[in-house]
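Protein chains in written order, with this note's numbering: chain X, 8 to 327; chain F, 585 to 1151.
It should be emphasised that the hints constitute simulated quantities derived from the structure, not laboratory data. There's no promise every hint is true.
As the list claims (entries may be wrong) - No more than 20 Å apart at the CA atoms, straight line, and that leaves these computed lysine to aspartate or glutamate pairs for EDC-like: (1) F:1124 <-> X:90; (2) F:1128 <-> X:91; (3) F:1102 <-> X:91; (4) F:780 <-> F:851; (5) X:183 <-> F:1026; (6) X:68 <-> F:1084; (7) X:68 <-> F:1090; (8) X:68 <-> F:1088; (9) F:1128 <-> X:324; (10) F:1111 <-> X:185; (11) X:77 <-> F:690; (12) X:68 <-> F:690; (13) F:876 <-> X:274; (14) X:176 <-> F:864; (15) F:1128 <-> X:90.
Claimed, not checked - Pulled a few chain X residues facing chain F out of the computed Cβ check, cut under 10 Å: (16) 122; (17) 124; (18) 180; (19) 182; (20) 270; (21) 273; (22) 293; (23) 296.
Just so it is clear, CB atoms sit at the ideal spot from N, CA and C, and this is done for glycine as well.
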Amino acid sequence: MESLTTEITRPAEGKKRKHRFWYTMLQQRYLYLMSVPFVIWLIIFSYVPIWGWLVAFQNYKPGKSIFDQKWIGLKSFIELFSDERFYHVLRNTLAMSVMGLIVGFTVPIIFALLLNELRGRWFKRSIQTISYLPHFVSWVVVAGLITKMLSVDGGAVNQLLMSLHLIDKPIQFMAKGEWFWGIVTISDMWKETGWSSIIYIAAMAGIDPEQYEAATVDGAGRFRRMWHITLPGIRPTFMVLFILSIGNLISIGFEKQFLLGNPLVSDYSEVIDLYALNYGIGLSRYSYGTAIGIFNSVISIILVFTANGIYKRVTKETII
Amino acid sequence: MKGKVAKISSVLIVSALLATTGCTNSSQTKPTTSDASTATADPKPDLTPMTVRLGTGGPFDPYWDEMQSDVGKVIKEKTGITLKKEFSVEGGDPQKYYSLMVASNEYPDLVSGGVSQLVNAGAVLDLAPLIDKYGPNIKKVYGDYMKRLRWSNTDHAIYALPWPGVNGTTFDAGGGFEIQHQVLKELGYPQIKTVKDYEAALKAYKDKHPTTADGKPTIGMSLNAGEWQIVISVTNPAFFTTGAPDDGEFFIDPKTYEAKLHYLRPEEKEYFRWLNHMNDIGLLDPESFTQKYDQYKAKIATGRVLGMIDQEWDYGEALNTLKKEGKFDQTYAHFPVTLNDTYKDHSFQDTGYMAGPGISITKSAKDPVRLIKFLDYLASDEGQVLINWGIEGVHYKVENGKRVIPADVLEKKNNDANNFKKSTGIGNYTLLSASYGDGVKDPSGNYYTTTFPELIQAKYSKADKETLAAYKASTYLDLWPKKEEFPVKPWGAAWTINLETGSEADVIKTKCLDIMKKRVPEAILAKPDQFDAIWDAFMKDLDKAGVQKLNQAYTQLVKDRIKLWNE
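Assemble the whole structure, with the sequences as input and the hints as a guide.
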């Protein structure tokens, strides 16, 4: 159970450690007591449901108790790994989430850096507010907007390109499978940049202004200060967010892909969650759906620990 | 750790059980008392207000009236029941809605559709004993067809009251190929029998009028193929145009009863080749396969689309907009177009009564007896007239013993149908219980429904009438081959035969349809010289997915159905 409580472990602390642990526990017993309800909450909602994983090894039929089901062993997993389509959706999922990860970190940080350099308080505030508003727009609406904008039949993008004489015939953006990942990434960028940058702006506000003053005295220009003070200042925030989102690489949901996709681009738009819905729950194959869920969880855990491991190697710090 | 978890979870389970039994106890006290009283004599029906949840697999219906309409209020008054419709949140595939319902094990009182999933999950009640005791009107409606309601050869229970009206005859056709009246008028009403005729008409008009009166480019033909309606607008027409009846995704050999996925028919390849040709010559809307349903409807509502291949219920909202704006020349005529003149459109081949999915009562229903009585009321003569005609003196009058809809009401009903439906509730309460089909007369000698030949013609606009007169027909149905020309199909229609959910064949079917949704658009949009290669790849993909196994499994089901319905 100790392993459940997240704590910052410091390396190189030998034998004494165990002894010290009980001592601090005694010292901080009230604090421990106060955390008990949350530990129980965690167990009930995050660990107890794990026994539902049993379903993956059964031919689960709803309505009956989990103990009266027929056991089928690894059949669901074998079927999953021998389905060509599964690798296809895995590829799409990983491609879109890696693209999303890269864009979703660089663009908001650049945006936050630029915003941080602005002087006018009022101007800065309004830009910030305007930029995160799209975050609250539902994907259903966003998908509608994007399909209309990219339409060949009077869509804004095609009309713009035509009037600039860059193309002579409207382009069918939504019919080109190989462009689909890009369209998803860009629409995601439009929607989330402002929102994701909030946390970096907050982190930047926490950097000691004296550092900047000292750097100015030493003759550092704007870009030097950004590079040597601002960026290292937000590194811990960045790393925590980055490693956590690596854990979510595989479970990116299917909302945007489902709403933006169409039969023509299905080779590029189908993601693992949609596959789980269509071939798992959609066909009442709960076992199959659960098998996909287990696969997701295992891969996510491996990804998080690997990312954390690499980070630990490089910086001698760890966040998990 | 293990022990602790077990303890905690057992405490939770016990408390959950206590909570649920507590609930059912309190809510079931009432039903049991009413049970006793109704079983003895039933002097007065139980009218205590009760809210009933109805799960519909469909997308949100903006014209559902929440029982606030004229008809809704009367039903509430007569039965005490307030119906609360619940819709599929994602607005898409109804099958997913039912699957999620089963997965969460949380059911409304009544469910519309999805019966196979629900039966597999053991979630619906056997209605046979309930109908026997409390449903005289339901029994009367189904009559001899009661045996078609039975579930299977091994389980003779009744799990759903099928939607379709009993003994209904069709008076009008709402499918086929649609073409705007203005196109026909301008070209002097040419013969529209084969796809070539249709293509020529669209082409001639589009060449003459590349833009509409307000300057927007006209679209030759648009298909609603960006979402699930691809089967309605693209693939179903493939068998209609090649002389096969609608058996869902399958073609059933009328002699051997062998079933096969209909895309495997070589005739249909030629139909898709024609669509490919239409795309090649620029008559097909290039957005057909990428547009969302909303975009499609919006396009039609502008009057720019000269032709479609769709069903009227699918583009009905757009049609209502056109009518409301008075653009009657831009509404559509229907034609039974075939690939060439050797084929006959089998749309109206007789199926007998098609029992199938319908309304089910779930195991979560608090008071099944009350519910079956509610459904029985809707199936009674009084209920049927109410839901179809409305309230006497308000929505219809009786003149010389005949029900007549006053001109002002009819005007609203035809030309502002959406608002009419919402305010009066007429049309919102059909498909809820057993019902009589179109053309069946009640004891007073009037039709139960408002769809009968005389009214169909009254519903037609001037444009419809002009077109029909030009083709020497009184309804669009007259243009189609008559049902007497074909034998009755002993299996009904195969789209009511379902594979066991989650079975191997079912998975193969899903795979095949996913392949189809990708390959068919690909083939249609390809350059004509690549069409054959893509089609071959399509056939190969199907083969690899195990289509032969699927065909065998389905053939067996068709044979079982024939036995169940005809023995």
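Going through the hints against the structure:
Our distance criterion of 20 Å between C-alpha atoms is met by residue 1124 of chain F and residue 90 of chain X, whose separation comes to about 16 Å. Restraint check for residue 1128 of chain F and residue 91 of chain X: satisfied, since their Cα atoms lie roughly 11 Å apart, inside the 20 Å limit. Restraint check for residue 1102 of chain F and residue 91 of chain X: satisfied, since their Cα atoms lie roughly 16 Å apart, inside the 20 Å limit. Proximity of residue 780 of chain F to residue 851 of chain F is assessed by CA-CA distance (about 16 Å); at most 20 Å being required, the pair is judged to hold.
Of the pairs offered as hints, the one joining residue 183 of chain X and residue 1026 of chain F is violated, with about 57 Å between alpha carbons and a cut-off of 20 Å exceeded. With a CA separation close to 12 Å, the supplied pair residue 68 of chain X and residue 1084 of chain F stays within the 20 Å bound. At most 20 Å may separate the alpha-carbon atoms for a hinted pair to count; residue 68 of chain X and residue 1090 of chain F meet this at roughly 16 Å. For the proposed pair residue 68 of chain X and residue 1088 of chain F, the alpha carbon gap of about 15 Å is at most 20 Å, so the pair holds.
As the CA atoms of residue 1128 of chain F and residue 324 of chain X are separated by approximately 51 Å, the hinted pair breaks the 20 Å bound. With a CA separation close to 19 Å, the supplied pair residue 1111 of chain F and residue 185 of chain X stays within the 20 Å bound. For the suggested pair residue 77 of chain X and residue 690 of chain F, the alpha carbons sit about 23 Å apart, so the restraint of at most 20 Å is broken. For the given pair, residue 68 of chain X sits about 15 Å from residue 690 of chain F by alpha-carbon distance, which is consistent with the 20 Å threshold.
At most 20 Å may separate the alpha-carbon atoms for a hinted pair to count; residue 876 of chain F and residue 274 of chain X meet this at roughly 18 Å. As the CA atoms of residue 176 of chain X and residue 864 of chain F are separated by approximately 15 Å, the hinted pair is consistent with the 20 Å bound. Distance check on the hinted pair: residue 1128 of chain F and residue 90 of chain X sit about 12 Å apart at the alpha-carbon level, within 20 Å; holds. For residue 122 of chain X, the suggested interface contact is broken, since its CB lies about 35 Å from the closest CB of chain F, more than 10 Å.
Interface hint status for residue 124 of chain X: violated, as the beta-carbon distance to the closest one in chain F is roughly 41 Å, over 10 Å. The restraint placing residue 180 of chain X at the interface with chain F holds, with a minimum CB-CB distance near 9 Å, inside the 10 Å limit. The closest approach between the C-beta of residue 182 of chain X and any C-beta of chain F is roughly 5 Å, which is under the 10 Å cut-off, so the hint is satisfied. For residue 270 of chain X, the shortest C-beta to C-beta distance to chain F is roughly 4 Å, which falls under 10 Å, so the interface hint holds.
Look at residue 273 of chain X: its Cβ gets to within about 5 Å of chain F, closer than 10 Å, so that hint holds up. Taking 10 Å as the C-beta contact cut-off toward chain F, the hint placing residue 293 of chain X at the interface holds, the least distance being around 7 Å. At about 8 Å, the closest approach between the beta carbon of residue 296 of chain X and any beta carbon in chain F falls short of 10 Å, and the interface hint on this residue holds.
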